[in-house]
Amino acid sequence: MTLSTALKTGDLTALPSRRDEDWRWTDLRGLLRALPPAAPAHDGEVPAGPFADLASAETVFVNGRRVVETEVASGVIALRFVALADQASQGASHALVVKPGETLVLLESHEGRAGGYVTDVALDIAVGEGASVERIVLVEDDAEAVNVVTAEVDLAPGAQYAQTILTSGARRQRIETRVNHPGAHAEVRLDGAYLLDAQRHADLTTVVTHAGVEGVTSQLTKGMVTDQARGVFQGRIVVSPGADQTDARMGHHALILSDKAEIDAKPELLIFADDVSCAHGNTIGALDEDALFYAEQRGIPQAEAKAMLTVAFVGEVVDRIAHEGAREIAAAWVARKLGSAV
Amino acid sequence: MAAVKETVETVAALEKYEHGFTTEIDQEFAPKGLSEDIVRFISAKKDEPQWMLDWRLEAYRRWLELEEPDWAKVSYPKIDYQDTYYYAAPKTKEGPKSLDEVDPELLAVYEKLGIPLKEQAVLAGVEGAPRYAVDAVFDSVSVVTTFKKELAQAGVIFCSMSEAIREHPELVRRYLGSVVPTSDNYFACLNSAVFSDGSFVYVPPGVRCPMELSTYFRINAKDSGQFERTLIVADKGAYVSYLEGCTAPMRDENQLHAAVVELVLLDDAEIKYSTVQNWYPGDPETGKGGIYNFVTKRADCRGDRSKVSWTQVETGSAITWKYPSCVLRGEGSSGEFYSIAVTNGHQQADTGTKMIHLGANTKSRIVAKGISAGKSTSTYRGLVSAHPKAKGARNFTQCDSLLIGKDCAAHTVPYIEARNGQSVFEHEATTTRLSDDQLFYCQQRGLSQEEAVALLVNGFVKDVLQQLPMEFAVEAQKLVAISLEGSVG
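Quick note, the sequences are listed as chains Z and E, same order. According to the working numbering, the first sequence is numbered sequentially starting from 1. According to the working numbering, the second sequence is numbered sequentially starting from 343.
These are calculated hints, taken from the structure and not from any lab test. Remember, it's a predicted structure, so these values are computed and weren't measured experimentally. Just to be clear, a hint being listed does not mean it is correct.
[To be verified] List of simulated lysine-lysine pairs, DSS-like, C-alpha gap at most 30 Å:
{"id": "1", "chain 1": "E", "residue 1": "731", "chain 2": "Z", "residue 2": "260"}
{"id": "2", "chain 1": "E", "residue 1": "696", "chain 2": "Z", "residue 2": "260"}
{"id": "3", "chain 1": "E", "residue 1": "614", "chain 2": "E", "residue 2": "731"}
{"id": "4", "chain 1": "Z", "residue 1": "260", "chain 2": "E", "residue 2": "733"}
{"id": "5", "chain 1": "E", "residue 1": "387", "chain 2": "E", "residue 2": "490"}
Given these sequences and hints, build the entire structure.
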């Protein structure tokens, strides 16, 4: 039941639907009545990506085809998925192996530079022993696009993996991360922010499976929805039998700024070991009236006050980005999105 | 300190499952299996009017088309629905007119269980001692309901469901199935077809029920299922507190318990519903036997400012599948759910609640405490949803799980659906094990390991125990300690 199978076979019944528990809030079968034709190859220029100034090398996919590839998997590299064809479909997959002890900053962007496309991206990331990866994902899709991005992350003992997803949604969008966590002093940070307006939808799904002792996971997702947008957060932490001394925390906090917007959340803990410390917190609500009143009282117009408070709210996720340049780009992106949405 | 002493004494006098005895009582059964004829048989046995039979048959036909749900985190061999007795009743010549006519064997059972059925005995107690009226359901029928006269003086109707169908058909027709429709889910649908008895309560407008009401369910017959149906209606401004207890004998076969409880609340009404569920959990070593507890409980807060409170202590059953829910329709209505689920041995519990906010300014609060020990699994599954009209809705959820031992599991699966911009939802969950430091501290002060565990667990579940009526709280506290016996060391 995946979009990728449907794209390969043309079989619409392979699309996940509301009846699939993990897709209950991201119905693809109900939305896609037909699959658009495969996107053509693109031979013209490709505009620069959002992280162009930071990366030393890049791998670029255009319309589902790899057009530039770097063999390097260390330092700061960009990974770009660019859609340039209207009403077309494309599938892409990519694998990255980070060698033991290496450090990689992966600046990933999904650039919808066309309308109404359907995209499926599958990533495999293997992080070697003691290696460290920070993945920053900026997703800017067309309002009519359907986009599913799935990353499978395998960690070796002592590896460090940090991830921040920033998205403004699409017609239907799912960003899924599955982490196979060996315990063994490996550390995982999974963060995300979704800022949605109009009729956009975004689904941030994570599954972290702790297989061994002494693993750490920390998750923070923040969201803002307005107009008729819909935000979905599904977080699952699994602690397998024997994975003792696991320390896992998950937080999802979201703001609903209109009466027609919707947020659905399912923070799950599945625990099969007893010596663990796991917790999750989930809050959904409106902006603090008192804070708004305070700001207005001091002469800040309502719209500006709202934007200010929302930026501060989402800012916590941005602040956790370790790479300075990426953090600045992320902060600017959040400010720009909120300036227009709120 | 009294509670601590109580716990220590209880632990000292531990028994595995003290209600596991069986009683030889002359009983009559419907033939094994399920068919339209069995449904007709049950209906005829209870002397029911045609409309009731039609309602049952309709449910039965729908049940045939439904599929057994499999989404819960529980696993059990496929149930053979044709291998169960759907009706088992103690033989009596005619319905007993008073307690003196009830089979003394039967009374002995309730005495052994510590359930006061003799009003005099209760009345003779210490002045001011808590009194509560009991409806005792034995397998498929209600054997006796106490304090009916006194309740009638206050205008409260408290009787068995079969009596209500005969005596108060207008009320039953109006409300039965209005909260849990016949085809709501597989087990509720089965219950609608074959339910045999249960309690009916109607509290008229403005009346505060003068005493606690309670039902005591006992499964006794072998290979039988219990399908009771409870309907409580609190009219405008009424208040009632209702308690429910259940036990069953120890047997190697699994027995099915599929009940439906419907609560209806009109304007300003309040219902407090407390359950201490102690069905036989199966053999702790082998996991053999035990009750399958598949229950649908739902409260419909139709009236403005109505309030419902579910409190449950789940210590028994091999498998529990139960989600007492609140439909918060009335403006300003509120729902509460307090739960303790203790699993040990091979028990599996998938339980939680649904808070469906439909009206403006509705409030809900969920406090769920799960304790898993042995090889058991305990899952909290809950839904909190606010619809676009539920402006100002407010929810607070707290789920804590405690793990005792290497082979148990605890899961938390909350669903939160917010559909308007003026609601606030808060959810927090933690999973930990008993703290070594705390255990060490207690043991250092002379408590044995088991006493220390019981003490710490009681502290862990205190928030929920406090919500129970006094006499139930004491019983529940004992139960929690007993259920965890043998789980450490």
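Broken hints, by number: none
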